[in-house]
Amino acid sequence: NAGVTQTPKFQVLKTGQSMTLQCAQDMNHEYMSWYRQDPGMGLRLIHYSVGAGITDQGEVPNGYNVSRSTTEDFPLRLLSAAPSQTSVYFCASSYSQGISYEQYFGPGTRLTVT
Amino acid sequence: AQSVAQPEDQVNVAEGNPLTVKCTYSVSGNPYLFWYVQYPNRGLQFLLKYITGDNLVKGSYGFEAEFNKSQTSFHLKKPSALVSDSALYFCAVRPTPGTGGYNKLIFGAGTRLAVHP
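Just so you know, the protein sequences line up as chains A and B, in that order.
Using our numbering, you'd call the opening residue of the first sequence number 4 and step up by one each time.
Using our numbering, you'd call the opening residue of the second sequence number 35 and step up by one each time.
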């Protein structure tokens, strides 16, 4: 199993540009989520999904969109990039939202918005 | 508001000495508690979790954590530190059903552990 994969690993955007961060998992996990990691702030939840076709907002959802058309994929879209979105983004998945299985994290995408 | 606190930005330990990384939480009900580790330029890796039962839980790489309900703490410990344990450690809590935010993990800010030879 490849686990959780994320592309790209690095990205530089100009203010106002849009892009999609890709996330895929091959473990048949129902639950997937996106976090951003900023120095001194830990990880903050952006959006999450408890299954295909079901998504919900996390702690910091503004400026981001998600969709979940398949169990495997959970892309994160930046609608109009802003410097405040400069961060490291992690995708994670776990077996079920109803049982507290541990989450598996991808390697991250480092995004810089100029 | 539900939160997790890791009061130390950095913990310095000599190799071979015991280590403790502190975590306290403010969540209603009986939360599920987790520790994750992040090595440089990597994603987070699960170390251990507390759901119910014995207050001392054992995890990967010789780490253990002690749950203390009265002090709302979940400190990470290891009897003998290794240089390879140097990394960023995150405590996380998942609220229990019915208390709101059940599907969300709340992370602390992280503690950098530096183990010196």
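Since the hints were made in silico from the structure, they are not lab data.
Warning: the hint list may mix true and false statements.
[As the list claims (entries may be wrong)] Across the chosen pairs, the derived CB separations fall in these ranges: (1) G56/A x P151/B: 37 to 47 Å; (2) G66/A x E42/B: 38 to 48 Å; (3) K103/B x K17/A: 25 to 35 Å; (4) S114/B x V91/A: 26 to 36 Å; (5) M30/A x L90/B: 23 to 33 Å; (6) V91/A x N89/B: 29 to 39 Å; (7) V91/A x A148/B: 29 to 39 Å; (8) A85/A x R76/B: 40 to 50 Å; (9) I85/B x G19/A: 11 to 21 Å.
[As the list claims (entries may be wrong)] Take a look, some chain A residues computed to stay more than 10 Å from chain B by CB distance: (10) Q14; (11) T23; (12) Q25; (13) S36; (14) M44; (15) R47; (16) V53; (17) S70; (18) R71; (19) T73; (20) T74; (21) S83; (22) Q106.
We treat Cβ as the ideally placed atom computed from N, Cα and C, and that holds for glycine.
Against the structure, the hints come out as follows:
Judged by the Cβ atoms, the range 37 to 47 Å given for G56/A and P151/B is violated: they are separated by roughly 52 Å. Taking the beta carbon of each, G66/A and E42/B are about 32 Å apart, not inside 38 to 48 Å as hinted. About 50 Å separates the C-beta atoms of K103/B and K17/A, a value inconsistent with the hinted range of 25 to 35 Å. Checked against the given bound of 26 to 36 Å, the beta carbons of S114/B and V91/A, roughly 31 Å apart, stay inside it.
The hint said 23 to 33 Å for the Cβ distance between M30/A and L90/B, and at roughly 29 Å that hint holds. Taking 29 to 39 Å as the suggested C-beta distance range, the pair V91/A and N89/B conforms, at roughly 34 Å. In this structure, V91/A and A148/B break the distance hint of 29 to 39 Å, their C-beta atoms being roughly 21 Å apart. Judged by the Cβ atoms, the range 40 to 50 Å given for A85/A and R76/B is violated: they are separated by roughly 27 Å.
Between I85/B and G19/A, the C-beta spacing of about 45 Å breaks the proposed range 11 to 21 Å. Once the 10 Å rule is applied to beta carbons, Q14/A is consistent with being away from chain B; the minimum gap is 15 Å. Under the 10 Å C-beta cut-off, the non-interface status given to T23/A relative to chain B holds; the minimum distance is some 19 Å. For Q25/A, the requirement that its beta carbon stay farther than 10 Å from each beta carbon of chain B is met, with the minimum near 15 Å.
Not every CB of chain B is more than 10 Å from the CB of S36/A (nearest about 8 Å), against its label as outside the interface. A cut-off of 10 Å between C-beta atoms contradicts the statement that M44/A is not in contact with chain B; the least separation is 6 Å. The Cβ of R47/A sits about 7 Å from the closest Cβ of chain B, inside the 10 Å cut-off, so the non-interface label is violated. For V53/A, the requirement that its beta carbon stay farther than 10 Å from each beta carbon of chain B is not met, with the minimum near 6 Å.
Every CB of chain B is more than 10 Å from the CB of S70/A (nearest about 17 Å), matching its label as outside the interface. With a least beta-carbon separation of about 13 Å from chain B, R71/A lies farther than 10 Å from that chain, consistent with its non-interface assignment. With 10 Å as the threshold on Cβ separation, the claim that T73/A sits away from chain B holds: the shortest Cβ distance comes to roughly 19 Å. For T74/A, the non-interface assignment is confirmed: its Cβ lies about 16 Å from the closest Cβ of chain B, beyond the 10 Å cut-off.
For S83/A, the condition that its CB be more than 10 Å from all CB atoms of chain B holds, with the nearest at approximately 26 Å. The claim that Q106/A lies off the interface is violated: its Cβ sits roughly 7 Å from the closest Cβ of chain B, which falls inside the 10 Å cut-off.
The structure shown violates the earlier hints numbered 1, 2, 3, 7, 8, 9, 13, 14, 15, 16 and 22.
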